[in-house]
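Read top to bottom, the protein sequences are chains Y and B.
Number 356 in numbering that gives the first Met the number 0 belongs to position 357 of the first sequence; there are no gaps in the numbering.
Number 166 in numbering that gives the first Met the number 0 belongs to position 167 of the second sequence; there are no gaps in the numbering.
Hints in this document: simulated from the structure, not taken from any laboratory.
Be aware that a few hints might be false.
To be verified - Calculated lysine to aspartate or glutamate pairs in the EDC-like style (CA-CA distance at most 20 Å, straight line): (1) B:K58 - Y:E38; (2) Y:K8 - Y:D153; (3) B:K123 - Y:E87; (4) B:K50 - Y:E25; (5) B:K80 - Y:E87; (6) Y:K171 - B:D414; (7) B:K50 - B:D3; (8) B:K29 - Y:D331; (9) B:K50 - Y:E69; (10) Y:K83 - B:D414.
What the hints assert, rightly or not - Partial list, derived from the structure: chain Y residues whose beta carbon lies under 7 Å from chain B: (11) Y63; (12) E73; (13) R77; (14) D86; (15) P218; (16) L323; (17) T327; (18) E394; (19) E398; (20) S402; (21) T406.
Built from N, CA and C at the ideal position, the CB exists for glycine as well.
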Amino acid sequence: MIEINKYRKALQSLPAEILEAEFNIEKNTSQMIKVSGKEITDNAYSDIVEIFARATGAKTGFAYTQDLEEAPVEIIKRAYHNSKEIDEFNKNRLNKKGELFIAPENIPAQGDMYQYAISLEALLLNSHPTIEAVIVEARIDNTSSRVLNSHGLDKSYEREVHYLSAHILAKKDGKAYNVGFALSSKSFSEINLEEISLQIVNQLESQFDPVGFESGIYPCLLDRTVMVNILMTAWQIFSGIKYQEGSSAISGKLGHTIGSSCLNLVDVPEHKLTGYSFKFDCEGTEADQNKILHKGVLTTLLNNLKSADSLKQSPSGNAGRYALLSGTIPTDIIVTPRILYIEPGENNLDHLLKILDHGVYITESYDVFHSINIASGGFSIPCRGTVIRDGKKTENITELTISGSLTDLLNNIVATGSDLYIEEFLKKSYCIGSPSTLIKELQINAG
Amino acid sequence: MSVDKRIMCDIFRTALSTGGDFAEVFLEDKDELRINCDEGLVTGITTTRIKGCGIYILKNKKSVYVYTNDLSRSALLRTAKRAAEFIGGSKENAPMDLIFNGNEPMNPNKIVIMPSSVSYNQKKDILKDMITYAYSLDSRIAHIQATYFDTDQRIEIFNSLGSYGQDRRISSKVRLHATITDGISYHDDWEDYTRPQGFEAFQTRQDYLDFVAQFIHGLLGNISAVPFESASVPVVFEGGNCGTFWHEACGHQLESYAIVRNSSDFVGMLGKRVASEKVTLVDDGTIPGLYGSAAIDDEGSPTRRNVLIENGILKGYMIDRLGSRLLNMAPTASGRRQSYTFPPTSRMTNTFLETGEDDEREMISSLEKGVFVKKLGGGTGGREFSIAVKEGFLIEAGKLTKRLKGLVLNGRGIDLIKKVDRVGKVQVTEGGSFCGASSGLCPVTSYQPRMRISNMFVGGK
Chain Y
0 MIEINKYRKA LQSLPAEILE AEFNIEKNTS QMIKVSGKEI TDNAYSDIVE
50 IFARATGAKT GFAYTQDLEE APVEIIKRAY HNSKEIDEFN KNRLNKKGEL
100 FIAPENIPAQ GDMYQYAISL EALLLNSHPT IEAVIVEARI DNTSSRVLNS
150 HGLDKSYERE VHYLSAHILA KKDGKAYNVG FALSSKSFSE INLEEISLQI
200 VNQLESQFDP VGFESGIYPC LLDRTVMVNI LMTAWQIFSG IKYQEGSSAI
250 SGKLGHTIGS SCLNLVDVPE HKLTGYSFKF DCEGTEADQN KILHKGVLTT
300 LLNNLKSADS LKQSPSGNAG RYALLSGTIP TDIIVTPRIL YIEPGENNLD
350 HLLKILDHGV YITESYDVFH SINIASGGFS IPCRGTVIRD GKKTENITEL
400 TISGSLTDLL NNIVATGSDL YIEEFLKKSY CIGSPSTLIK ELQINAG
Chain B
0 MSVDKRIMCD IFRTALSTGG DFAEVFLEDK DELRINCDEG LVTGITTTRI
50 KGCGIYILKN KKSVYVYTND LSRSALLRTA KRAAEFIGGS KENAPMDLIF
100 NGNEPMNPNK IVIMPSSVSY NQKKDILKDM ITYAYSLDSR IAHIQATYFD
150 TDQRIEIFNS LGSYGQDRRI SSKVRLHATI TDGISYHDDW EDYTRPQGFE
200 AFQTRQDYLD FVAQFIHGLL GNISAVPFES ASVPVVFEGG NCGTFWHEAC
250 GHQLESYAIV RNSSDFVGML GKRVASEKVT LVDDGTIPGL YGSAAIDDEG
300 SPTRRNVLIE NGILKGYMID RLGSRLLNMA PTASGRRQSY TFPPTSRMTN
350 TFLETGEDDE REMISSLEKG VFVKKLGGGT GGREFSIAVK EGFLIEAGKL
400 TKRLKGLVLN GRGIDLIKKV DRVGKVQVTE GGSFCGASSG LCPVTSYQPR
450 MRISNMFVGG K
């Protein structure tokens with residue numbers, strides 16, 4: 000068990016040369032089961048404490064440990080030693096004294112992970128005649144985050160995320176197909192199993208019997224999972240750090256219109272459609288909703304304390320560490336979203352297809368991490384979809400790429416659906432959401 | 000060693016107390032250093048210390064994995080007890096007094112200069128040298144960041160069969176991230192100079208300067224690059240890093256993780272023709288000097304060479320311990336994981352296409368129209384794969400003409416590897432990178448001689 004007092008004590012008696020210091024202590028416990036054929040096939044449990052430290056003398060340095068026997072003062076000294084080796088004389092600013100303690104919410108009875116898993120498995124096995132096997136993963140993650148600094152700041156909160164995912168194997172005419180989908184919430188009882196089933200069936204049916212297709216510019220409907228997939232990388236254009244460096248495709252556009260008038264993009268600390276919540280960031284900054292795009296106008300950016308100072312904006316509670324997949328532990332404080340999503344509109348999927356009338360419904364995309372350039376905004380994303388005629392689904396098409404620029408894509412949104420979907424980033428450090436979006440025109444390339 | 004060997008027997012006794020038939024303890028102690036240099040100024044230095052323990056239990060075809068970074072005796076026994084509860088059952092195994100034996104193979108990557116013995120200043124000088132040199136190459140560079148990493152991972156693996164293995168894996172890397180502009184548009188990209196070595200990776204200055212020049216010239220080529228009208232054309236893949244094609248198009252599908260889940264087109268294809276007869280594909284974790292090499296896999300077995308496809312015939316899969324139970328096949332020393340926070344699963348190491356007999360120049364000169372892929376970026380695997388092209392060129396009348404932009408390759412791997420119509424004579428390795436999958440990010444290389452596919456879809460404009 001972590002002894003918070005020894006960390007607090009170290010901050011109260013810093014060595015003379017260290018002007019200020021901070022600990023961010025993250026404790027994560029996770030329990031997971033995988034179920035197939037009503038049997039639990041895999042079971043996992045973890046209990047990890049991570050300690051991030053920063054110390055400032057003339058400059059700011061960082062250190063990280065999972066070694067619980069390392070003395071707190073030694074971790075601070077290590078961070079300070081690192082600070083002495085850097086050239087830049089900018090100090091990181093720490094938040095001033097403040098206290099916040101958020102106890103775990105009163106979570107309703109969870110029932111049994113296993114029961115929810117086999118219910119979802121049964122639902123999926125009956126949802127489509129081609130589905131032969133299902134693997135369901137049920138997971139509960141408990142995260143507690145504490146930020147302590149030498150100015151007397153002491154904040155902590157705890158959250159619990161309940162997560163259900165399903166992967167199906169289907170066979171049709173001798174060909175095999177795989178589809179997966181996941182939802183999270185504060186409790187399993189709040190997860191809509193029917194929604195998981197409908198999404199999987201929709202994506203499965205869009206894979207059958209693909210036909211040839213002619214490249215060109217088409218009106219499109221991007222499924223909510225496609226826009227989420229794009230934003231999972233594209234959010235970086237809204238980073239205050241990248242904006243300031245000039246390495247964002249929208250650098251210099253603050254206050255300008257960069258998207259269509261029906262586009263609102265917000266970053267919030269919590270949302271009813273996910274179990275994730277971010278009461279404060281890793282610097283201890285609390286913030287409410289930030290409207291990044293309001294009717295297409297870029298009104299603000301995602302900021303930590305340092306980038307906010309540089310841009311003369313307010314910190315927005317977006318100090319984070321895990322932005323992208325990395326083979327190392329990221330310790331420097333950068334900018335990450337909390338729950339960033341496109342606000343939903345009024346139209347359900349059927350209405351959007353009717354409005355589309357003739358065009359392409361892009362049902363699935365993959366590998367956007369490698370196919371979006373944040374500086375130029377250019378993208379080229381592999382995907383598959385379904386041709387729409389008279390507002391109805393017709394032939395499926397595959398091995399497509401959609402290409403263009405992110406700013407054109409945001410400007411060409413003509414309607415947003417009511418089907419908001421929020422997905423966790425793989426490292427569980429933020430969430431991205433979007434409803435299905437109708438795009439005036441989009442370049443589609445096909446073989 | 001992080002945990003006293005005497006505690007091990009207690010952990011195994013607890014872990015197997017409910018009927019598990021196999022248990023493994025994975026201990027990790029790892030140090031990492033990162034130095035960030037922005038425009039020639041060192042802006043950040045971070046040291047990280049990773050330390051923890053994973054306990055893995057198998058009972059027939061069921062698995063349990065638990066992990067913690069509290070390495071006190073009581074916490075480890077509590078964690079083992081939790082794992083035993085998950086595996087279920089009530090059978091009480093006889094107490095064990097295990098004696099651990101291992102042949103402790105040497106890591107194929109020899110270390111000459113331990114990174115921890117080198118001062119921060121020497122490492123900072125390398126970064127500043129690379130940035131200064133990059134700026135000297137072209138005035139259109141808008142911004143450059145260079146980040147130095149070194150890692151020193153020590154692992155120990157004990158299992159209930161009495162087997163013991165250990166390995167020490169050291170690597171050094173610099174990531175260059177640059178933004179260029181012609182005053183109208185901006186392009187940015189990054190690339191890694193990765194070596195499974197200590198500081199000797201930087202002893203020959205020309206090596207890392209060549210890397211800088213290659214990266215910057217590749218990035219600058221984007222300014223004059225032209226869009227490509229999507230089409231199905233012959234595609235020539237350059238030797239070296241284009242081996243990523245094999246990694247994504249069929250490597251992941253040859254891992255037992257995909258085979259047991261029936262999410263691979265190679266299920267049931269052993270002994271059958273799955274590729275052109277020019278294709279011999281190998282995964283080998285023993286090769287000195289390569290990033291995917293190690294003394295043992297992350298389940299303690301000495302690494303080995305595995306032939307996956309031989310002259311177009313499917314010969315084998317990459318199989319971890321659990322996969323071997325589920326497939327009823329022998330494991331192939333392919334159990335890998337990023338760290339103790341992941342259970343092991345079947346993964347690639349150094350995956351490569353064996354050399355062939357074809358002339359490298361003829362592959363291009365014989366084409367009226369096609370695409371030459373010089374360098375690939377990252378991608379995703381599965382029945383359908385996709386890979387971004389970092390550098391691609393148009394082939395017209397047997398010659399490389401224009402640099403192309405925005406190319407993406409996607410398709411069904413098992414269909415495309417049947418269309419390999421040329422494989423060159425010269426093998427070219429690559430520096431390596433991380434591969435991400437269910438057991439985290441693992442170091443790999445993927446390489447090949449120059450190779451041609453007779454016809455495939457290339458996505459562009």
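We went through each hint and held it up to the structure:
A threshold of 20 Å between alpha carbons decides the hint, and for B:K58 with Y:E38 the separation of about 13 Å falls inside it, so the pair holds. Annotation: proposed proximity of Y:K8 to Y:D153 holds, straight-line Cα distance about 12 Å (limit 20 Å). The straight-line distance between the Cα atoms of B:K123 and Y:E87 is roughly 13 Å, inside the 20 Å bound, and the hint therefore holds. For a cut-off of 20 Å, the pair hint linking B:K50 to Y:E25 stands: about 15 Å separates their Cα positions.
Restraint check for B:K80 and Y:E87: not satisfied, since their Cα atoms lie roughly 50 Å apart, outside the 20 Å limit. At roughly 18 Å between alpha-carbon atoms, Y:K171 and B:D414 fall within 20 Å of each other, so this suggested pair holds. The suggested pairing of B:K50 with B:D3 holds, with an alpha-carbon distance near 15 Å, which does not exceed 20 Å. A hinted pair counts as satisfied when its Cα atoms are at most 20 Å apart, and B:K29 with Y:D331 qualifies at roughly 18 Å.
A distance of roughly 11 Å separates the Cα atoms of B:K50 and Y:E69; the hinted pair therefore holds under the 20 Å criterion. For the given pair, Y:K83 sits about 57 Å from B:D414 by alpha-carbon distance, which is inconsistent with the 20 Å threshold. Annotation: interface hint on Y:Y63 holds; nearest CB of chain B at approximately 4 Å, less than 7 Å. Here the hint on Y:E73 is broken, as its CB sits about 10 Å from the closest CB of chain B, past 7 Å.
A distance limit of 7 Å between C-beta atoms decides the matter here; for Y:R77 the minimum to chain B is near 6 Å, and the interface restraint holds. Taken as an interface hint, Y:D86 checks out: its beta carbon lies about 4 Å from the nearest beta carbon of chain B, inside 7 Å. The beta carbon of Y:P218 is not positioned within 7 Å of any beta carbon in chain B (closest approach about 18 Å), and the interface hint is therefore violated. Taken as an interface hint, Y:L323 does not check out: its beta carbon lies about 11 Å from the nearest beta carbon of chain B, beyond 7 Å.
Interface restraint check: Y:T327 against chain B, minimum CB-CB distance 5 Å, threshold 7 Å, status holds. With 7 Å as the threshold, the beta carbon of Y:E394 stays out of range of chain B, its nearest partner Cβ sitting at about 17 Å, so the hint is violated. For Y:E398, the interface hint holds, since its Cβ comes within 7 Å of a Cβ in chain B; the closest pair sits about 6 Å apart. Nearest Cβ of chain B to the Cβ of Y:S402: about 6 Å, under the 7 Å cut. The hint holds.
Against a cut-off of 7 Å between C-beta atoms, the interface hint on Y:T406 is violated, since the closest Cβ of chain B lies about 12 Å away.
Comparing the model with each numbered hint stated earlier shows that hints 5, 10, 12, 15, 16, 18 and 21 do not hold.
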